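Top line first, the protein sequences correspond to chains S and U. Going by our numbering, the first sequence opens with residue 14, and the numbers climb by one from there. Going by our numbering, the second sequence opens with residue 15, and the numbers climb by one from there.
A couple of the hints might just be wrong.
Said to hold, decoys possible - Partial pick of chain S residues on the chain U-facing surface, computed with a CB cut under 8 Å: (1) Val39; (2) Phe102; (3) Gly362.
Simulated from the structure, these hints should not be mistaken for lab results. Since the model is a prediction, treat every value here as computed from it, not as a measurement. Quick reminder that beta carbons are idealized off the backbone N, C-alpha and C, glycines included.
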Amino acid sequence: MSKKLSYLIFLLILMKIMSCEEIIPVAPAENELLDGPTEGLSHAEQRQFLNGDIAFNDEVFSSVDGLGPGFVATSCGSCHPGDGKGHPFTTLTRFGQTLPNTLPELSIGGPQLQNRAIPGFEPEKIPDGVPFMKFTPPAVTGLGFLAALTDQQILQYVDSLDEDGDGISGVPNYITPPPYFEQKWLHQPVNGKIIGRFGKKAAAIDLLQQTVSAYNQDMGVTSTFEPVDPFSQLTTDPEVFDQTIRDVVFYLRTLKAPIPRNEDDIQVLKGKRIFNEIQCSSCHIPEWTTPDSDISALSNKTFYPYTDLLLHDMGPGLDDGATEGSAETYEWRTPPLWGLGLSPNSQGGSFFLMHDGRARSIKQAIVLHGGEAESSRNQFTSLSETDKEALITFLESL
Amino acid sequence: MRNFSLVLIAIACFISLKTSAQIDSTLLKRVPVDTSRNLLNMDAVYNRPFLQVGKLPVSVGGYIEADYSYIGEDGITDGHSFRVPRMTLFVASSIHRKIKFLSEIEFEEGGEEVAIEFAALDISMHPLLNLRGGIVMNPIGAFNQNHDGPKWEFVDRPIAATEMLPATWSNVGFGLYGKYFSKEWAFGYEAYLTNGFDDAIINNGENRTFLPASKDNKERFEESSNGEPLFTGKVALRNKKIGEIGLSYMGGIYNTYEEDGLILDEKRRLDVFAVDFNTTIPIIKTFLVGEWAWVNVDVPATFTQQFGNKQKGGFIDIVQPVLNGKLFGFNKATFNVAMRIEYVDWNDGTFRETDESIGDEIWAVVPAISFRPTAQTVIRLNYRMMKQTDLLGNPPAKISGIQFGVSSYF
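Sequences and hints are given; from them, build the entire structure.
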């Protein structure tokens, strides 16, 4: 009896464990994660997304694979953990251009500092007295939606002479395209230059340029697109396959747009109203709609990035004395606010906001706004604490 | 070519086994495991069940592991997976009363990798002075020398022992060992000079300081990567009633700082300290085994903190026999419940940029049940629960799932 019973108990335990549907951890809610593909990708597109995902998040460069000799990070995922904002550990330092519409002085090591080096090599140093700016890595989700917009759509918000008198101008950063630039119907060149839309100064025209530059300047990895090693300033054999770069670009194009949380919460709705009332939304344009795209999942989609992709004067407090493209040293591209509330999940548990991570909270980031945003900032500081909290709750819901 | 040679050796072993099988099976003699409690962990190499033919001075043995797993991370799983992580063959020979040889050849992942884990000649001059030379297992911690699958109640090997410390970690070299017994007490020591690590420990695709990366360098069985010997030493003390404690150290220069007379880098050291123990609580017969290690690596300050210069971690296994005796038709069967708790901090330190703690940690709790129809065979069912943070200490990935496996000496 006891023997049969022990057999039975043993088998029942086994069956219970084998049939349990929660053997593996429950997936976090979709709106709590930044990574994941845009809905509607075909099977072939999902395969390419997967290849890009592996290259972006799993591929680690060592000196054997082409890392360095000078570098900032060893993988894409080191700077953008979970596809979110980065941490001061991988903050980039850009230098070499102090005036708009000039070329960076490559002879002094620009445009980016490789502050680390593989063993046996010394990292780069910025020459004494040269201004520089620090960029904390941005989130990379939803970039495909921004890339799908036309230049004409971006230009509709340009008001360089502030003709509407709201104190907000907004200008595009016109960038000289790199030799490998692939112009598409959505671009409108002006004197051979194209509107930049990615990066803190909007210095990258498209995601190919952003990706190639990151491989080269962040990891010291050369490609057929950018064959010059930033350490030696000499041409070397490609250290990453073209297909890998294409896969990463596709991955970035098809990462989903961040999904807001608690949209119907009273505090969130109140904060959203205040956001519009104090004119945050004049630069942080909430809603856009994509035109037709070669990726059907990105075609004619309305999305909510909270950016105008234009440069704005942010005042002397944020003037680092260095720049890129046609931007003035005090001008910064309006950063998208989507995914803002999830930033601590990728920044080690706390906020590192503004272009260099100097703001440790959303409130601090708002207060650091100057220049064209001075009026909105002043309106924010005049709000009651309750209204401030509502606005921050709204921003955290994005 | 080396792999081919190993395969030939393995085939020869199989043939000898097969030949033996064709002779009168009464000539086959199973050499039992020595179960006396005076044995130390360092005796694990020889304290295995062997099969001997007649009075031939050669004995053979081995073990196999096979398992199934269904593991998922944050709601995503790769589904059901079966594998044979390793099959190992032992060949031992008594050349003389005081000279013996043992080899251990391991076939991993279905033969994808074939490795000589141990192949050493032992010459005994005195119980306290034995010379060992060949491919030896560096005695760091306890698991590296005592890693046979059938001895453990868990499908996976301990993370701290196999991914922080590089078990199984073998190298070519020489050394001395000895033991001293006095009534309830046993003392043992080991000291070896071997080839060692290389630059890969901080130059690898794992994106962290990773000692096992040097295992990919098969040339270490032919020459040192830098001409600097790796020292590994251990002392262990055992009391029959209390249990055993071991203290071990492994260290040396790991990087190729010079080649062809050219200075390529500074000399950079690796130092590893470990403490291990095992005991059986009287009356209730609860068996406890564990080890903890600290790894210190000289990582250039100008390299990335992604690769930490300090690591620490360990594990403890608690095994409680709950049923003994005749079970499922086996006369000396045992049914155990067990628990493993393990932890590794891959990068113990703070970020220079923020002075905040660096993450890159893993915790695991593994409840288990195991059934041993004989002491040499184990059927085990584990439920693995792990949490792993990234370098920045972001919310941890949650990983869990079931593992089922069998492992047996043969």
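Hint-by-hint comparison with the structure:
no. : hint   : in the structure
1   : Val39  : holds (6 Å)
2   : Phe102 : holds (5 Å)
3   : Gly362 : holds (6 Å)
In this structure, none of the earlier numbered hints is contradicted; all agree with it.
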